[in-house]
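S.K.: Chain order of the listed sequences is A and B. Heads up: the first sequence is residues 16 to 128, going by the working numbering. Heads up: the second sequence is residues 4 to 117, going by the working numbering.
Derived from the structure by calculation, the hints contain no laboratory data. Computed from a predicted model, the values in this text were never measured in an experiment. Be aware that a few hints might be false.
[Stated by the list, open to error] Here are some, though not all, of the chain B residues that point toward chain A, as calculated from beta-carbon distances under 7 Å: (1) 46; (2) 48; (3) 51; (4) 59; (5) 74; (6) 75; (7) 77; (8) 79; (9) 104; (10) 108.
Where a beta carbon is used, it is the ideal one built from N, C-alpha and C, also for glycine.
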Amino acid sequence: SQKIEQNSEALNIQEGKTATLTCNYTNYSPAYLQWYRQDPGRGPVFLLLIRENEKEKRKERLKVTFDTTLKQSLFHITASQPADSATYLCALGESSSASKIIFGSGTRLSIRP
Amino acid sequence: EAGVTQFPSHSVIEKGQTVTLRCDPISGHDNLYWYRRVMGKEIKFLLHFVKESKQDESGMPNNRFLAERTGGTYSTLKVQPAELEDSGVYFCASSQIGRIETQYFGPGTRLLVL
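Same shape as in the complex, but just chain B (with noise of 0.2 Å):
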């Protein structure tokens, strides 16, 4: 069984511009999570689809932030525009409904903002 993939693996972008990531979780997984490590942090929740709805997004930073999960499978975060404080990796989870304890991480996109 494939696990969560995350595309691209690395991004190198410059203030101001736009940067869209991926993520497909692992099949079946109707929950799906977006996270994201800034330099020197601890890891941090930034929201939670179940199936294409938005089931919680208390942790997005701010409006530059849009996530998307169309038809209940893979999901978009967007950054536009970029700021330096942005910098991290941004890791995304999913999990089947029901099981919210039991999250799967993909390997993360690092994400330089210059």
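Here chain A stands alone, though its shape is the one from the complex (with noise of 0.2 Å):
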């Protein structure tokens, strides 16, 4: 069956230390891929999106890397920081032009001061 995996385990991480998120596909084969952040009570906010044809993809502290062998996609916060603790979704696209994006149930990261 098809299924995205994500830590299911909030992940606790001390504030400046590298948060690293695991996703995991089966039995897909994306064209794309994305990580959201979701806050309590709000709507998921795009952050980044990496292609097939991609390895790796930065924004200032985010990096994200897409190995479409292994079927994963690491999600790293460089410098935690407090202000990151969320719950991050992990999403991909079987083509650029299908409609839909498909979710993971997403992990909850919390950063200590």
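Dock the two chains into a complex; use the hints.
M.R.: Shown next, in the form of structure tokens:
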């Protein structure tokens, strides 16, 4: 069956360290993969998109990798801050023209001062 | 620029009643999407409008759900009659034409069916 798996347990990181979140998928061939941030009571906010032919993308303190052989994406936040505490969602698109984005269940990240 | 707005923010209704959710997309966004997250599950796609036309409604759970986007501006999602399993958070998103990948989400409507 098709599924997207993220760390089900919350991740607790000391401020200043690098947080690494994992997203694994099964029985999908995504054209792209995305990471979103979601705060309590809010909608998902788009952070980064990486395409199937890309290995790595960076944006400020964020870095995403995409390994289509392992069927895995890693999301890194360097120099983490308490303000980075949120739930992070992995999502994929099966093609650039497909309507829907398919979400994982998310990983809750807490950065302690 | 205003983001995607949704109304109401919360709704509590009894089983068998009707509820209508509204979404106002970002101005100029022809693509509009509905998603929902039921308790303990991931966010799932419901349907996609391009202007006033339904492009993909493969995620609509059953015929108790009716989505409309008359005039290609705001959209409504009606649930009639509501069932207990319809409880969850309903998100709307919008994107520019040709930019399906970059969807901007609203804050969601939290629906509780008792």
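S.K.: Among all the numbered hints in the text so far, which are the ones the structure does not match?
M.R.: 5, 6, 7 and 8
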